[in-house]
Amino acid sequence: MNRLLPYEQLLAERIEQVSANGMADAIWYKIEQELNKDGAGDGGQEPPASPQAGKSSFSNFYLYTGSCFIIATILLIYLITRKEKEPALQALPGINKPLKEVKNIDSRDSVQPLLPKTNNLIPYNPAWEKQSVPDFFVTPYPGNDSLSSEPVNSKADSVPANRQPTITIRNLPDSSTLQNNPSPQKARGIKGISDEDYKIKTVKKDSTR
Amino acid sequence: MAIAMRYARDEQDAGDIMSRAFVKIFRSLASFDSAKGNLHGWVKQIIIREALDCIKQRSRFSCEELTEATEPLIDNKAIEKMDADGLLLLIKQLPPATHTVFVLYVVDGYTHQQVADELQISPGTSKWHLSEARKILQQKLANYQQT
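From first to last, the protein sequence lines are chains A and B.
Counting from 1 along the first sequence, just add 1261 to a position and that's the residue number in our numbering.
Counting from 1 along the second sequence, just add 4 to a position and that's the residue number in our numbering.
Fair warning: there could be bad hints in the mix.
Using C-beta positions, here's what the derived DEER-type ranges look like [stated by the list, open to error]: (1) A:R1264 to B:F30: 34 to 40 Å; (2) A:T1334 to B:S32: 47 to 53 Å; (3) A:W1289 to B:K60: 25 to 31 Å; (4) A:N1297 to B:N147: 20 to 26 Å; (5) B:D57 to A:E1274: 24 to 30 Å.
Calculated directly from the structure, the hints in this document are not laboratory data.
Since the model is a prediction, treat every value here as computed from it, not as a measurement.
Where is the CB? At the ideal position from N, CA and C, for every residue including glycine.
Make the full structure from the sequences, and use the hints.
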């Protein structure tokens, strides 16, 4: 059953020779018609646009434009608010430095620029170092090298005599960069005229004459 | 065209099959992979599948299974006397389902399993249709020889 008989092989060879003369033109005409139909749908001759189609494209245009406008507005607001915040942060030069660079910053150099301007006017006095230790002890921030696991005793007795109050603040600006830009101090009065140059002159009022 | 002609009932039917098949060919020409087979085989496959789709729409394949088959003795001389068109007409006198199985198996070289897969029938049913085709052809060729 699974093999071809001799007559079947002969029959198959004969049938292969069959041809439909004169059918080719008719078939090609049908194929052309079918393809033209498909072409019109796929982007060949476009059918006239229906009113509904126009409406949808019109609303789509407004949808896209509106969404683009909203996104642009949000982006603009974000950029403006960010720019307003940035100068305040950039005033601290060390704010963006890595933690390694700002470790163990000397309290005198690091805290002074951050204090209010009135405090900045007081110059640093080296004699302060010889003064007795105050009764407070500010513990360092966690993560700092100076942090010890021992409990902190707030009594002055437990603190070494020559130890200064240590105030450690993380992510503080580099002191050298800040010293390059000291805050300008306004000169008092007029140059070349001292208080002694002024004389108080009493003038008699007209009413007392 | 010869492929469509041996499956179709007439020339008109063959023309329809060919036009639909070629539309499919043009549409899926970009998906043709020469590594999987040659272009002739791919085109032939599409035409046969299109023809089978037509046949399946109008014919019903019986679900009879072949248990025993006796191969009929047909003399080659009877076929040699006939021309191609005469043989085609002879084959088209077979019942549609039997005719389809016979052409797939004998002319296009499908196996019974492949015939079964294409027509969604069992291989046993395919064998039964082939056996039926052989019996009918033996009778018809015998009649032809007598005339």
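For each hint, the structure was consulted:
Our hint of 34 to 40 Å for A:R1264 and B:F30 holds, since their Cβ atoms are close to 38 Å apart. Separation of A:T1334 from B:S32 is about 48 Å and conforms to the stated range, judged on CB atoms against 47 to 53 Å. Restraint check, A:W1289 to B:K60: a C-beta distance of roughly 26 Å satisfies the suggested window 25 to 31 Å. Take A:N1297 and B:N147: their Cβ atoms lie about 48 Å apart, and the range 20 to 26 Å is violated.
B:D57 and A:E1274 have their C-beta atoms about 27 Å apart, which keeps the hinted 24 to 30 Å range intact.
Comparing the model with each earlier hint shows a violation of hint 4 alone; every other hint is respected.
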